[in-house]
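There are 2 protein chains.
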Amino acid sequence: ARPRVGYFYSGKTGNQLLGEHIRKLSVRDRKSIPVVCREDTSVYDAICTMFLEDVGTLFVLKENGILVGVVSRKDLLKSSMGNQDLQSIPVGVVMTRMPNIITCHPEESLLSAASKLIGNQVDALPVVKEETDGLEVVGRITKTTITKAFVELGEGASV
Amino acid sequence: ARPRVGYFYSGKTGNQLLGEHIRKLSVRDRKSIPVVCREDTSVYDAICTMFLEDVGTLFVLKENGILVGVVSRKDLLKSSMGNQDLQSIPVGVVMTRMPNIITCHPEESLLSAASKLIGNQVDALPVVKEETDGLEVVGRITKTTITKAFVELGEGASV
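Chains A and B supply the protein sequences, listed in that same order.
Taken in order, the first sequence gives residues 66 to 224; the numbers are from this note's numbering.
Taken in order, the second sequence gives residues 66 to 224; the numbers are from this note's numbering.
Treat the hints as calculated values from the structure; they're not laboratory data.
No residue lacks a Cβ here, since even glycine has one placed at the ideal position from N, Cα and C.
Any given hint might turn out to be false.
Reference excerpt, derived from the structure (chain B facing chain A, CB under 7 Å, subset only) [claimed, not checked]:
#1 L83
#2 H86
#3 I98
#4 P99
#5 I112
#6 M146
#7 Q149
#8 K181
#9 L182
#10 I183
#11 V187
#12 K208
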């Protein structure tokens, strides 16, 4: 007969349990606010927005709010090397354009999003919802998001 | 009598176990190779090094290998906004200088390093050893390091 105790051995190792715990964290609960610009914003203004908003990646939207591109600090740094007038180059020239953008969904696990950041060597993912005319951006997941979650898990906070 | 089984309830929650597991990870086991330059390297050459080595932060060393500064993609992007000749500005002008540099030690926990990254809003920490004439750089911890550890923990890999 099974001993009458209030717990049972699940057959799982400690590592498996940890994995399960991490997999419960969701993009929805962890995403931060997206910072956006237009395709015709100048590289100069995009750099200013990055500093003012203190982010490393901007999402580039069409007038109807649909995602068309992503521009990173790295893209802007590269374009600033060429001795060009940064006020005259639009973000649309230097950004990564749809459909080559790695995205995530609010329902996705934070682990899956973290795995995309590493696997695709990007610093940020737009959190998107599918609309009839494209993807609407509802949030942002970055390596900072993941590092914060790691710290909270390590400190044993209930996350 | 206690049932004869090969396991015991430790009284710890999943959160506590996860926290303990994370706290065991060390900077020594996780650090990556530091990418460095000199104080008189031009901003232009520093940007090139960043792209060639695919890093977001360079550590600036004296001739004897001692840490004098840290320069980030953000610092270089800021200096490239001013319509200046990037070849004529030395890194020493735009870098963060000792003693205002947040560092970590090989013996430190990865959690402590992650906490410094978040608390000080920096993307990378030099891993340093104390020498008689200053700090020697022996590695690099970034938000990418932490994100990779998070993914491995979540996937249940033995880390």
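Verification of the supplied hints:
1. L83: holds, 5 Å
2. H86: holds, 5 Å
3. I98: violated, 17 Å
4. P99: violated, 18 Å
5. I112: holds, 6 Å
6. M146: holds, 6 Å
7. Q149: violated, 11 Å
8. K181: Violated: closest Cβ of chain A sits about 10 Å from B:K181, beyond 7 Å.
9. L182: holds, 6 Å
10. I183: The hint holds - B:I183 has a Cβ within 7 Å of chain A, the shortest such distance being about 6 Å.
11. V187: violated, 11 Å
12. K208: OK, holds: B:K208 within 7 Å of chain A, min 4 Å.
In summary, the numbered hints that this structure violates are 3, 4, 7, 8 and 11.
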